[in-house]
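S.K.: Chain residues, written in single-letter form:
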Amino acid sequence: MLNPGINDSYSRRRFLKQSTFGVLALSASRFFPVFDSGVNLPPQIVGQLRFFSPKEYLIVEAMADRMIGKLNDGAPSASQVDVPLRADKFLSGADPEIQEQFHQLLTVFNAPAFTFLFDFRLSSFINMKPEDQDTYLEDWMTSIIGFRRTGFQALKRVSLSMFYTESRSWKEIGFEGFDAPR
Amino acid sequence: MIIESKDISKPVRESADVCIIGSGCGGGASAKILAEAGKKVIVIEEGGYFKTDEFESTEEFAFSNLYRQRAGQATDNLAVTVLQGKCVGGSSTVNWTTSLRTPDFVLEQWAKEFGVKGMRTKDLDPYFMRIEKYLNVHVEPDENHNLQNRIILDGAKKLGYRAKATGRNTRDCAKIGACGFGCPIGAKMSVNVTYIPDAVKAGATIFSEFRADKIEVTGSQKKVLGAIVDRLTQKQVSDFVIEAPIVVVSASSIFSPVLLLKSKLANSSGQVGKHLTFHLTSALLGTFDRSMYPSSGIPQSALCDEFLNKNGDGGGFWMEAVPATPTLAALAIPGFGGEHRKLMQKYPSIGATIVLVKEIDSEGTVTVNDYGRPSISYDLGSRDLDYLKQGLKATAEVQFAAGAKEVLTLHARMTSFKSLDDIEKKLARADWGPNEIALYSAHPLGTCRMGEDARNSVVDSHCQTHDVKGLFVIDGSVTPTSLGVNPQITLLAISEKSAEWIVENFNRIVG
Ligand SMILES: Cc1cc2nc3c(=O)[nH]c(=O)nc-3n(C[C@H](O)[C@H](O)[C@H](O)COP(=O)(O)OP(=O)(O)OC[C@H]3O[C@@H](n4cnc5c(N)ncnc54)[C@H](O)[C@@H]3O)c2cc1C
Ligand code: SF4
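One line per chain: the protein sequences are Y and Z, in this order. Numbers given in the working numbering equal positions in the first sequence, counted from 1, plus 90. Numbers given in the working numbering equal positions in the second sequence, counted from 1, plus 2.
The set of hints was computed from the structure by calculation and includes no laboratory data. Here the structure is a predicted model, which means the values were calculated and not measured. Take every hint as true, because none was put in to throw you off.
Quick list of simulated restraints, FRET-style, between CB atoms:
1. Y/T232 to Z/D372: 29 to 39 Å
2. Z/P13 to Y/D163: 52 to 62 Å
3. Z/D232 to Y/E262: 32 to 42 Å
By construction, the Cβ of each residue, glycine as well, lies at the ideal position given by its N, Cα and C atoms.
Work out the full structure, taking the sequences as your base and the hints as a guide.
M.R.: In structure tokens, the structure reads:
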């Protein structure tokens, strides 16, 4: 006997598209493309981007900084460890279905139309105050809507995995790498 | 000979007696047996080939080069992370060395419920013995267990639970702790340093960065068609066709069904891709008031098996240690932002123990998505969920008995205990839906299950598909049920036995 409470929600659908809500939100995201107008990103960064648009880069930068957190103790932030650029490199080689849905996720995550729909906020994620960004992320993490929890997981995985695989993040956590005799 | 995509400048057209797709436990063991019996063997492997001194012992190197999807492969809704290797040697190259025989009650169930022949304990024992000798399986002396494994040994002992050292397939292990990143000194007796070199010595050819996309069958002849891919860009640089009368699909429980479904083969039963089991895993993170060195020393050398099949229903759970390397720990630790980071700063004092559930009423499915890749789903059953809860509770007891000051589950909403008193209450209140607790599998199995009834199984007891003579599936796909133990020794035994059967019956199969 399968657990009726869980059976449905663990069932087979695409990454992010596992609920009617998710399908609708992702379909609607096509009508709210991420416009790059007014985005000011240094040319040396724009020149390196293979996957993100400049605006998407800024969304990931803002999101990763909140996701990783900052403790005012001199330890590096997500951007200082190049999390957005490393994520760009990783996603440029990811499976096409992951690429497609990551673009859609960033739109849904940031666009004011969706922040209003989800949380009655009128601001895009990148324009929120840091405390509001944290509350917004928390809402995604614990949402009763499976699609948002999955979206949160995707953002958390990319941010943390790009941060903690980088040796610049290790000192703070007392990890010294593996001592491999050769 | 091992040929990599960089060595190739034009399309490859080859023929062989046997073409094997995948070079992990299933493919590697089959290749050795078949090549040593004088058969012309070609192995196709999608991942790259690395010599042991090329393993860099960092998560960055390993995730990018040796794992499927940068160690991020998961069910479609990301609720269960499914770890698999993608390199010569398959998942064995990145596994954690635990080497255990198949439990008796599991093999009995296969015989009774699925009519599986010749796979009872007495039939597999000679294979287990041979494999254990070949891979130098042994238990570590007491002083070799690191502090993470000591949690299990010491905590369980205090509570009177059965716990013991596990078998490990290593020789001259220097206790570096990097087993999950490819052993840099070749001490781990994984398939890439044992079966594959021996298969090559016996004349097998391994093509790495070759991805099989389709199998075609014409009469008794078969063709494996696919793409040759560039290691860095993963883009196709050329193509290949291998012709052989026997094809062995050993692409793992996730990729073998994908290949069969895409090729529209061996699925008259409708069972291909069904009955996926995970050995569903979650963890408890204890904080101790001393350094626990979560990623130092031998990562996995002990287990507590007190609760496996304890009720005689074939289910239950057990506990093992886990190499909590920084990224794996960061992804498991609940929450985000400052709170998460403060927990990461406690990293050196974390003791991580995993709970692995032997499923009895959960199942997953692998289908093919619009891009020709696996789409993985999983339905968690109520009895297994109950065992997971019991497992977390028992593991918390073990952690406290071993000296943990606070214990954290992997629930998205931070759920921690400072004593045993509030465990049950807190677990009862916790959320258990997808992405409300982090779940993992490093042991995905099933999906092309073995049995003697062609209506409800994909392969027979020799791993030959019921539908197509000369088409075999030899890997983790063929297990009819969840194993309840780490699978590599079981899979190697099934592979060696099935490959021997191919050798003995070669003329009859191809005739
Ligand atoms: C991190 C980790 C730790 C583990 N620890 C343990 C442990 O301690 N003890 C234990 O017993 N087990 C452990 N396991 C599990 C064990 O290693 C696997 O169950 C076993 O290796 C599975 O064997 P397989 O042949 O089914 O598949 P794999 O070993 O995964 O091999 C399949 C191979 O096929 C290749 N492939 C897939 N599709 C294609 C295609 N289309 N064309 C060409 N090649 C393809 C893949 O790249 C892969 O190399 C662990 C696994 C992981 C990931
Ligand atoms: S612990 Fe032993 S087997 Fe594992 S990587 Fe280190 S030397 Fe190799």
